[in-house]
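Taking the hints into account, I'd like the entire structure generated from these sequences.
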Amino acid sequence: MPAARSPLLDLPGAVAGAGADDAVAAHYGNPVAEQRMLDAARGGRPVPGSAAGAVVDLSHRGVISVSGPDRLSWLDSVTSQSIRSLAAGDSAETLLLSANGRIEHAIRVLDDGETAWLLVDGEETAELEQWLQKMRFMLRVEIADRSAEFATMGWFGSSVDDREPPAALAALVAQGGGVPLTWSDPWPEVVAGGVQYAPVDEHPGADWWWRESLVLRDSLGALADAVRDGELSAAGIAALEALRIAAWRPRLATEVDERTIPHELDWMRSAVHLSKGCYRGQETVAKVHNLGHPPRRLVFLHLDGSDAVLPAPGDEVVPASAASTAGDGDAVGVVTSVGVHHEWGPIALAVVKRQLPEGDALVVRTEGGQVAATAETIVSPEAGAAVGRVPRLPRLGARTRRS
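Quick note: the sequence shown uses the numbering used here, first residue -14, plus one each step.
Please note that a few of the clues may not be correct.
Between beta-carbon pairs, the in silico distance windows are [what the hints assert, rightly or not]:
| hint | residue 1 | residue 2 | range |
| --- | --- | --- | --- |
| 1 | Ala73 | Ala129 | 14 to 24 Å |
| 2 | Glu134 | Ala156 | 17 to 27 Å |
| 3 | Gly4 | Gly353 | 16 to 26 Å |
| 4 | Gln160 | Ala305 | 51 to 61 Å |
| 5 | Ala297 | Pro342 | 17 to 27 Å |
Note that these hints are calculated values from the structure, not bench results. Cβ coordinates follow ideal geometry from the N, Cα and C atoms, glycine included.
Take a look at the structure:
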């Protein structure tokens, strides 16, 4: 079912997104300024002329509730992350994999002590809810699609410990079991039981203090009024996407296809527990990590913006040496996400063949011509088996979620 049109689309300057994002705003007139505003909020820095606090309308995304005493042990048994002992108010991320380890669903999990709230991209909500209903058997769980009742609003904390939404939003955040329903993204640090494939000491997602709060859908009009009254600022999903790309943060709706395994996107750092009990797809996860290498790998692309040509998701990545030819089979990868960063200009994420040498000059073929690109390694060609580069471990003193 298509998402209901958000009341925030009635704000001045609002431009709707495309495709599955058409129920919310891509931007409100100035996506670069909105991006700076979000980036400043992440650092706790005020932006001249903007209200205290900025939110991103994600009300087109889905919300599923799983209640009952068996909810966490059951979800733990069928997905990739260890969430059996999740405490009230704790957040996690987990993946539902196929039998051969391919990613089928990416799930943001928040538990309130009575109910586990599953936040997902809107287009996967119905399919995931139906799968969960079929797999409940005789367990004490109740599953419901709550997307018509609850909407998601995103915002950045000012630090790793900041859980307090902007004031105008905080007053409207829904509660469950006495716990505010706000999910905190685990991406900034390698969670207990996970591993990082990115061969860097300082990960660009280390300050990705992203939060998603649930509000009653009937409250969206009040949030729009708060923006009109100057009590809150609104940023569109275009601004959020550019910052997500810069943080090397994968997303199911963009980076995942029918062949994707977690290792290829460095999703092992936040959504996979390597030593938990059995779950569907675990054999592939363990084999690739311990004995092999993922067949593809995620890279970050700095794009040449001199010709004002911006690639689109699905555009082919080819070696610069093959740029002058149009031969079939010379592509080494495909662009998955594209954005214009307020400091770096055009950037992208791409999934490429593992064998692509690091440092090779690349070109993206677009409808408007060829765009030169420089790749930065996210997943090393040697990631996986314990050979070559050793995947980075959490730095000394790093905070990790309880397993």
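- Starting from the hint list further up, note which numbers the structure goes against and sort them upward. Violated hints: none at all, because every hint is consistent with the structure.
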